[in-house]
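J.: Residue-level listing of the chains:
Protein chains: 2
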Amino acid sequence: MALTIFGVPGLPEIEAGADLAAMIAEAAAAVGEPLAGGDVVVVTSKIVAKAEGRTVALDSVTPSPFARRFAEAWEKDPAVVELALRESRRVVRQVGPVLITETRHGFVCANSGVDQSSSGAAGRAVLLPEDPDASARRLRARFRELGADAAVIVSDTFGRPWREGQTDVAIGIAGFAPVLSYIGLHDPHGHEFLVQATCRADELASAAELVKGNLSRVPVAVIRGYPWEPDETASMTDVIREAERDLFR
Amino acid sequence: MALTIFGVPGLPEIEAGADLAAMIAEAAAAVGEPLAGGDVVVVTSKIVAKAEGRTVALDSVTPSPFARRFAEAWEKDPAVVELALRESRRVVRQVGPVLITETRHGFVCANSGVDQSSSGAAGRAVLLPEDPDASARRLRARFRELGADAAVIVSDTFGRPWREGQTDVAIGIAGFAPVLSYIGLHDPHGHEFLVQATCRADELASAAELVKGNLSRVPVAVIRGYPWEPDETASMTDVIREAERDLFR
Numbered sequence: 001m002a003l004t005i006f007g008v009p010g011l012p013e014i015e016a017g018a019d020l021a022a023m024i025a026e027a028a029a030a031v032g033e034p035l036a037g038g039d040v041v042v043v044t045s046k047i048v049a050k051a052e053g054r055t056v057a058l059d060s061v062t063p064s065p066f067a068r069r070f071a072e073a074w075e076k077d078p079a080v081v082e083l084a085l086r087e088s089r090r091v092v093r094q095v096g097p098v099l100i101t102e103t104r105h106g107f108v109c110a111n112s113g114v115d116q117s118s119s120g121a122a123g124r125a126v127l128l129p130e131d132p133d134a135s136a137r138r139l140r141a142r143f144r145e146l147g148a149d150a151a152v153i154v155s156d157t158f159g160r161p162w163r164e165g166q167t168d169v170a171i172g173i174a175g176f177a178p179v180l181s182y183i184g185l186h187d188p189h190g191h192e193f194l195v196q197a198t199c200r201a202d203e204l205a206s207a208a209e210l211v212k213g214n215l216s217r218v219p220v221a222v223i224r225g226y227p228w229e230p231d232e233t234a235s236m237t238d239v240i241r242e243a244e245r246d247l248f249r
Numbered sequence: 001m002a003l004t005i006f007g008v009p010g011l012p013e014i015e016a017g018a019d020l021a022a023m024i025a026e027a028a029a030a031v032g033e034p035l036a037g038g039d040v041v042v043v044t045s046k047i048v049a050k051a052e053g054r055t056v057a058l059d060s061v062t063p064s065p066f067a068r069r070f071a072e073a074w075e076k077d078p079a080v081v082e083l084a085l086r087e088s089r090r091v092v093r094q095v096g097p098v099l100i101t102e103t104r105h106g107f108v109c110a111n112s113g114v115d116q117s118s119s120g121a122a123g124r125a126v127l128l129p130e131d132p133d134a135s136a137r138r139l140r141a142r143f144r145e146l147g148a149d150a151a152v153i154v155s156d157t158f159g160r161p162w163r164e165g166q167t168d169v170a171i172g173i174a175g176f177a178p179v180l181s182y183i184g185l186h187d188p189h190g191h192e193f194l195v196q197a198t199c200r201a202d203e204l205a206s207a208a209e210l211v212k213g214n215l216s217r218v219p220v221a222v223i224r225g226y227p228w229e230p231d232e233t234a235s236m237t238d239v240i241r242e243a244e245r246d247l248f249r
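Residue numbers (the numbering used here), protein chains in the order written: chain A, 1 to 249; chain B, 1 to 249.
Take these hints with a grain of salt, some might be off.
[Stated by the list, open to error] Which residues of chain A face chain B? A partial, calculated answer using Cβ under 7 Å:
id : residue
1  : Arg89
2  : Val91
3  : Phe158
4  : Arg160
5  : Pro161
6  : Gln166
7  : Ala207
8  : Val239
9  : Phe248
[As the list claims (entries may be wrong)] Here are a few chain B residues that sit away from chain A, every Cβ distance over 12 Å (derived from the structure):
id : residue
10 : Pro9
11 : Ala16
12 : Ala22
13 : Ala27
14 : Ala29
15 : Ala30
16 : Glu33
17 : Ala36
18 : Asp59
19 : Ser64
20 : Trp74
21 : Arg137
22 : Arg138
23 : Arg142
24 : Glu164
25 : Glu242
If you are wondering where the hints come from, they were derived from the structure by calculation, not from laboratory data.
These figures come from a predicted structure and were not determined experimentally.
Virtual Cβ for every residue (Gly too), placed ideally from N, Cα, C.
With the rest of the complex left out, here is chain A (with noise of 0.2 Å):
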């Protein structure tokens, strides 16, 4: 088995409302490489935050006092902080400037994933999307309207513990099941599998991210060849981990 993964170069800035699946398949197509059935599309979480609005104006936010403090201690700004905030259901971990976060979606990564640099105008800032799963099953449903039986990950970037340099991981699936699970079977020596589960669709997200980079504005890559089953139950949940099980919140 082969992958090939490219990257979809082209898109211009993207607006709210904007119909960003059929600029993704033009953009494709434009380079010679319409999307087809079976592809895997991988959408940087920015550029889907910004076709569904989910940008905030930094003055038209009013950071609460705990925001105002933490940010006036480490030079941040102050709007941002209060927007992370906002965006938490818990702060995993506040050490110096460093703010980790669980967000309403219960992913666990720094600032909630507001980020300040990718707004595309001076004074925004951008949320992830509302409910990335739902972001990714109507982007799939789209590229389906437009032909290609495509699958979805909705993706950003996060940093980990233990080890440095970040990597992009996925916040919302369309398509197939995230989590591959081993439980039961048995490896050619007959032993059970001690790995149990493999997330690829972190993996993927990874994959893609090597031909995106974070200095090109390249937010869309596809990886043609892996061989996925349709799943349209698919989400997130399954790799998001409940709390009782985790040794690390």
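Once you've looked at the hints, dock chain B against the given chain A.
T.: Below, chain B without anything else, positioned relative to chain A:
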């Protein structure tokens, strides 16, 4: 930029002392994809460890009283627990049957990476390579002797906090720096990057897993088309977060 990723099937069971690089090069050529300059060859740590003789007969291991008590409480193999402890320098979490350790290399993972499932012979466990960077450098040197200036990643399958499902990560590297830094650079909007560094070594290892899988016996994948600048000083020390910088240790 497009990447191609393919698995290298057809390797025999690896014995201690095997010329692993030559076997990989031969297996790749046999399926019509000879290794080429610029390739990134991702090799599962298990076969690297086996070639280096890093397997242990479980009946040769005398478990400590602590290892025995823990193993009995949770129906684990006391010799495997003992090896996990010997390979560690610190227990990071021990909750129920779960044992998360910091290995002697500095990796944080379950059971110090000691693997009973892939030992290839009943009653043996496979350890992580003694020095995975050195393993990667030896493989890279041998690939170059054989005519292919390929980079090498030694990979393993690790769990992580907060998210279900394991992913493949790098534990050894040769040929290029594992972390790509954006510090001081600016995005298309002129903002400094909030993403300061990407751990491309882990993303490449994850991408490779997509074609290797854990069910099939394909312990090697080749990533073709990923641009890397040669760096013979590359080491996983850039990836291992220092304990003082770690909020979850």
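J.: Would you mind marking each hint as holding or not holding in the structure?
T.: Comparing the hints with the structure gives:
1. Restraint check, A:Arg89 versus chain B: the minimum CB separation of about 14 Å is more than 7 Å; hint violated.
2. At its closest, the beta carbon of A:Val91 sits 12 Å from a beta carbon of chain B; the interface hint therefore is violated under the 7 Å criterion.
3. Contact between A:Phe158 and chain B, as hinted, is not supported at the beta carbon level, the nearest pair being about 9 Å apart and thus beyond 7 Å.
4. The beta carbon of A:Arg160 comes within 6 Å of a beta carbon in chain B, closer than 7 Å, and the hint placing it at the interface holds.
5. Look at A:Pro161: its Cβ gets to within about 4 Å of chain B, closer than 7 Å, so that hint holds up.
6. About 6 Å separates the beta-carbon of A:Gln166 from the nearest beta-carbon of chain B, less than 7 Å, and the hint is met.
7. With its C-beta approaching chain B no nearer than about 4 Å, A:Ala207 sits inside the 7 Å limit, and its interface hint holds.
8. Interface hint status for A:Val239: upheld, as the beta-carbon distance to the closest one in chain B is roughly 5 Å, under 7 Å.
9. A distance limit of 7 Å between C-beta atoms decides the matter here; for A:Phe248 the minimum to chain B is near 4 Å, and the interface restraint holds.
10. Some Cβ of chain A comes within 12 Å of the Cβ of B:Pro9; the nearest lies about 9 Å off, and the non-interface call is violated.
11. For B:Ala16, the condition that its CB be more than 12 Å from all CB atoms of chain A holds, with the nearest at approximately 17 Å.
12. Distance check on B:Ala22: its Cβ is at least 23 Å (rounded) from any Cβ of chain A, clearing the 12 Å threshold; non-interface status holds.
13. A cut-off of 12 Å between C-beta atoms confirms that B:Ala27 is not in contact with chain A; the least separation is 15 Å.
14. With a cut of 12 Å on Cβ distances, B:Ala29 stays outside the contact zone with chain A, its closest approach being about 16 Å.
15. Once the 12 Å rule is applied to beta carbons, B:Ala30 is consistent with being away from chain A; the minimum gap is 15 Å.
16. Here B:Glu33 does not stay apart from chain A, with its beta-carbon only about 9 Å from theirs, under the 12 Å limit.
17. Listed as a non-interface residue, B:Ala36 keeps its Cβ farther than 12 Å from every Cβ of chain A; the least gap is roughly 15 Å.
18. For B:Asp59, the requirement that its beta carbon stay farther than 12 Å from each beta carbon of chain A is met, with the minimum near 17 Å.
19. Under the 12 Å C-beta cut-off, the non-interface status given to B:Ser64 relative to chain A holds; the minimum distance is some 22 Å.
20. With a least CB separation of 14 Å from chain A, B:Trp74 remains clear of the 12 Å interface cut-off, as annotated.
21. Even its closest Cβ contact with chain A, about 20 Å, leaves B:Arg137 beyond 12 Å, as expected for a residue assigned away from the interface.
22. Distance to chain A confirms B:Arg138 as a non-interface residue, since its nearest Cβ pair spans about 24 Å, more than 12 Å.
23. Residue-level check passed: B:Arg142 sits 24 Å from the nearest beta carbon of chain A, beyond 12 Å.
24. With a closest Cβ-Cβ approach of about 5 Å to chain A, B:Glu164 is found to fall inside the 12 Å limit, against its non-interface label.
25. With a minimum CB-CB distance of about 9 Å to chain A, B:Glu242 fails to clear the 12 Å threshold, and the non-interface call is violated.
The structure is inconsistent with the numbered hints 1, 2, 3, 10, 16, 24, 25, although it conforms to all the rest.
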